[in-house]
Structures are given as structure tokens and as C-alpha cells.
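Peer 1: Sequence:
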Amino acid sequence: MVRGKLQRLKGYINTETDSVQRIPKDGPDPEQEKTSSFPFSYEKKWYDFGFELHFYEGEYSLIRRKTYPVSSFHGSSAFSDLFHVHKQWQEEEEDHPLSLKGVDLEDLLFFDTETTGLSSGAGTTIFLMGYSRIKGDQVEIVQHFMPGPASEAAFFHGFLTDFSDTNQLVSYNGKAFDWPHLKSRHAFVRNEVPKLPLFGHYDLLHAARRLWKAELPSCRLSIVEEEKLNVKRVNETPGSLAPILYFEYLNHEDPEELLGIFKHHEWDVLSLIVLFSRISQRLLHMPHVQTTGREHLEMGKWFEQAKNSQQAEAHYVKALEYDGGIRQEAYVKLGHIYKKQKNPEKAREFFEKSLTGTGESKAAREAYEELAKLIEHQDKDYEKALVYTNLAIESEKKISRLLRSHKPKTEGLLKRKTRLEIKIEKWGDSQ
DNA sequence: CAATAATAGGAAAGCGCACC
DNA sequence: GGTGCGCTTTCCTATTATTG
1 MVRGKLQRLK GYINTETDSV QRIPKDGPDP EQEKTSSFPF SYEKKWYDFG FELHFYEGEY
61 SLIRRKTYPV SSFHGSSAFS DLFHVHKQWQ EEEEDHPLSL KGVDLEDLLF FDTETTGLSS
121 GAGTTIFLMG YSRIKGDQVE IVQHFMPGPA SEAAFFHGFL TDFSDTNQLV SYNGKAFDWP
181 HLKSRHAFVR NEVPKLPLFG HYDLLHAARR LWKAELPSCR LSIVEEEKLN VKRVNETPGS
241 LAPILYFEYL NHEDPEELLG IFKHHEWDVL SLIVLFSRIS QRLLHMPHVQ TTGREHLEMG
301 KWFEQAKNSQ QAEAHYVKAL EYDGGIRQEA YVKLGHIYKK QKNPEKAREF FEKSLTGTGE
361 SKAAREAYEE LAKLIEHQDK DYEKALVYTN LAIESEKKIS RLLRSHKPKT EGLLKRKTRL
421 EIKIEKWGDS Q
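Reminder that position 335 of the first sequence reads as 335 in full-length UniProt numbering, one-by-one numbering, no gaps.
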């Protein structure tokens, strides 16, 4: 039985080994199948689904191209938002991981694959890969389908002959999953097909995590879609069923059940477009995007890490408008920025402001310690510095009592305390 | 199930300031 | 003017979360 299956997969031209009863009742007439130029069963269905044959060195893959106007919506965003976002990125002075400065918008490939499993062992293959992209005033979706293991070269050939080396990938966890996977599968057919291009690669999983790690229960694409894009998926099959459905397809050749997977893949690559837009709109302070205080805070951190303190400051300042905990954190972050900018007076002002109102927190602990430092070295008011050091120690203790996971790190603070006590001992009060 | 990359936290190294 | 200490930056490591 298994042997028969393998043989069937190996060469579609060889219909001799296929028993008649294995062809489903509503399948094509076996007589016709032999003479037809279409190498698989269910020719009509494939055409109805919009797929075209791709022929390469005696093998075949299937390709579907589909377009929507850029004015159409996906969730609560229009694809055309990307135009504005792209334009806005050109205005930015400093670099950022998501920046599109100098990138041709139509070079972006919003890319995803469907595979026969998660493990990257030898048994797992890619059977569907493709992308969405902007083409003029249309969004184009290109899907390459591998109709069987014997078609991998044609499958890759169709995919690889379609774009240029200026293309850039945009994916969700593609850096860790899709691309390495694609590379390892490509190795099997590398002699027969073009080389893999060396892409620039934006991975939106990491962008999403940066913004929403604290806010969302998980940063899985489906959750992000629901919470941040208002995308409600209909008529699609979850990706987790892809392996089973593909194996079933290989048995009976009826693509009907794969329709939901094609839809799923389409949703994925379309969501990537609007996700890219949504995140960029927030990063660039573009209007009409509801942005939370937490998001501003996280974006501030992101810009800070990208060494763009101007944008970092802008987002932290925005975060000041939100509720207690957020505002407190933002004050502390701003304090650090001004401290780095050699403006200790302003730094101190912001650390102090962070302590008004809100109770114990890591931010408060941080502020106490920073104030102790500034007062010791600027004012040389050792008594007062000692007071803040003790407050920091108290704060640290309370936090570790509150958060079981947090192990107290008072070592540095205690060191500071004894040093200050010695100084006071030596010189009495602040001179 | 595997691979990957970002991140957080810690250790180590470089830098600047104060003190003698 | 040399020395030591505290502070910041950088480097390294372990952990975590996502993909079909």
C-alpha cells in the first residue's frame, strides 16, 4: 500500500501503477487523464480555484495569482495605509529596524510557508509558499503549491524565478522558521534551480513582541490579529491542520480540503501587510491610530535601543499622559535619558516626579537609587543620599515580598549605605 | 517535536572623577 | 599626578516564545 503511494507520488506520468478504484468516483475519467495535458486528477477543481500549471524539466507545480485593490480592507486597515507609512519612513533621519527608508515599496514580499510539520527534521517539507506584495494599485498574492514530493524542483523553480535580488522579506517568525526551513529544502534541489537570493528580512514577530509582550497573553499571529488588527478569520483552516490535510491530499489527490489552507495562507500574508502598517503608524506617530500608554513605553525602549534618543524621548513623553504605573515608568525612563545627556538637574526632576502618587514598584526602586546617586555626587548631601538609599532598600524588600520570582538584590544598595555612613562619620553633616 | 533570535540579567572591562 | 572606586558600556550566557 505504501509502495503504491510512493510510486504514485514519484511520477505522475506513470498512471499504470494506479488502480482504477483508487481514483475517486467524482474524479476525472482515467482514460481522459492519460491523454490530458494536465498531469493530476481534479483538473477542473484546480482551475476553478485559480491555479495555473508551472512546467519545469518534466515536472509541475501549481501557481495561483490573485489581486485585490489596495483600497480594500483587511480587518480595520486598508492595504493602502502602507503607502503613507512608506512615505513617512522616508522622512526619518535615524535608522530603525522597521525603517523602509531607501526601500522600494514594491520590493517587499510579505512571505509565509505551509509545511508538513514544525520540526525541521528531514521528514518535514514545504508544500505551499508565497507572498503578498504591492503592485501598482493592486495587492497581489502569489501562492506556489507542490503537488507531490517529485515536484520539488519545479516548485522551487517557479518560486525563485519570480523576483529580484532587491526584494526584501517580511515574515512572522520567518527568521527562525520559514527561511531556514526553505534553505534546507532548497539544498535538495540546488543543482536544478536558481540560487537563493540574499534578502533583507523584517521579522514582525519580534516587532510585535516588543510592543505587546506585556499587554497580550501571547504574540501568536492569531492573537495579534484579533486584538490589534480586528481581523476575524472566516472560511479558513488553522495552520495546525495543514500537515494532515496535505498528507490526505497526497493519498486521494482531491484538493478540496486544501482550500481552507490556501485561504489560511492568504490571510497570513495579507495580515503581514496591515501589521507592518499598524506598527509603523504607531512608531511614527501617525494620526488615527489608537495607541496605548504601554505601547508608547515599549516603543520608547525600542528607539532607545536603536540609539534614537529623540524618538525614544517623544514616546516616553507621550506615555506620561497615561495611568499611574505607565507614567511612573516613563518618568524614570526620561530621567535616564536626561542623565545620559549630561543634564543631571532635569534627570533629577524626572526621577522625583516618578515618585509622586504611585506606590512600590521596580520603577520606584530605580528612582530612589538614581536619586541617591545624583544627590551624593552632585549635592554631596550624604544625609539625604542615605535617606534615599534606605528608601531604595525598603522598596527592594517590598518588591521581592510582592513578586515571588524577584530575588532581592540589595548588595549594591547596602554597599552604598555603608559608604555613605562612613562619609557622614568622617565629615559629619553635609559640608 | 527543532531551530532561531531577541531579551534579560550578570560578569567583565573601560572610563572618568575624586581623593590623597 | 597616580591610584582606586563607582558608573557605564559591552560582551556573554541562559531563557523564552513562535512557526505548521
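Worth flagging that the hints you see were computed from the coordinates, not collected in a lab. Don't take every hint at face value.
Claimed, not checked - Below, in silico cross-link-like pairs of lysine-lysine (DSSO-like), each with a Cα-Cα straight-line distance of 27 Å or less:
id: 1; residue 1: Lys213; residue 2: Lys409
id: 2; residue 1: Lys183; residue 2: Lys66
id: 3; residue 1: Lys301; residue 2: Lys263
id: 4; residue 1: Lys135; residue 2: Lys101
id: 5; residue 1: Lys318; residue 2: Lys346
id: 6; residue 1: Lys340; residue 2: Lys417
id: 7; residue 1: Lys423; residue 2: Lys384
id: 8; residue 1: Lys397; residue 2: Lys342
id: 9; residue 1: Lys307; residue 2: Lys175
id: 10; residue 1: Lys353; residue 2: Lys339
id: 11; residue 1: Lys87; residue 2: Lys66
id: 12; residue 1: Lys44; residue 2: Lys87
id: 13; residue 1: Lys384; residue 2: Lys415
id: 14; residue 1: Lys307; residue 2: Lys353
id: 15; residue 1: Lys362; residue 2: Lys301
id: 16; residue 1: Lys307; residue 2: Lys318
id: 17; residue 1: Lys135; residue 2: Lys232
id: 18; residue 1: Lys373; residue 2: Lys415
id: 19; residue 1: Lys417; residue 2: Lys397
id: 20; residue 1: Lys318; residue 2: Lys301
id: 21; residue 1: Lys195; residue 2: Lys135
id: 22; residue 1: Lys384; residue 2: Lys409
id: 23; residue 1: Lys397; residue 2: Lys415
id: 24; residue 1: Lys409; residue 2: Lys373
id: 25; residue 1: Lys340; residue 2: Lys353
id: 26; residue 1: Lys339; residue 2: Lys232
Peer 1: All hints are to be evaluated individually against the structure, with a verdict given for each.
Peer 2: For each hint, the structure was consulted:
1. Lys213 with Lys409: holds, 25 Å
2. Lys183 with Lys66: holds, 26 Å
3. Lys301 with Lys263: Answer violated: Lys301 to Lys263 is near 36 Å, above 27 Å.
4. Lys135 with Lys101: Answer holds: Lys135 to Lys101 is near 19 Å, not above 27 Å.
5. Lys318 with Lys346: OK: Lys318 and Lys346 at ~18 Å, within 27 Å.
6. Lys340 with Lys417: The given pair, whose Cα atoms are some 24 Å apart, holds under the 27 Å limit.
7. Lys423 with Lys384: Holds, at about 12 Å.
8. Lys397 with Lys342: Judged against 27 Å, a Cα distance of about 31 Å means the pair is violated.
9. Lys307 with Lys175: At roughly 23 Å apart (the allowed maximum being 27 Å), Lys175 and Lys307 satisfy the hint.
10. Lys353 with Lys339: holds, 15 Å
11. Lys87 with Lys66: holds, 26 Å
12. Lys44 with Lys87: Given pair Lys44, Lys87 is violated - Cα atoms ~43 Å apart, limit 27 Å.
13. Lys384 with Lys415: holds, 16 Å
14. Lys307 with Lys353: holds, 25 Å
15. Lys362 with Lys301: holds, 16 Å
16. Lys307 with Lys318: Measuring from Cα to Cα gives roughly 19 Å; hence the hint holds.
17. Lys135 with Lys232: holds, 25 Å
18. Lys373 with Lys415: The hint holds at about 12 Å.
19. Lys417 with Lys397: Between Lys417 and Lys397 the Cα gap is close to 15 Å, so the pair holds against 27 Å.
20. Lys318 with Lys301: It holds: about 13 Å lies between the C-alpha atoms, which stays within 27 Å.
21. Lys195 with Lys135: Holds, at roughly 24 Å.
22. Lys384 with Lys409: Distance of about 22 Å is within 27 Å: holds.
23. Lys397 with Lys415: Holds. Lys397 to Lys415 sits at ~16 Å (cutoff 27 Å).
24. Lys409 with Lys373: Holds: Lys409 and Lys373 sit about 17 Å apart, inside 27 Å.
25. Lys340 with Lys353: holds, 18 Å
26. Lys339 with Lys232: violated, 46 Å
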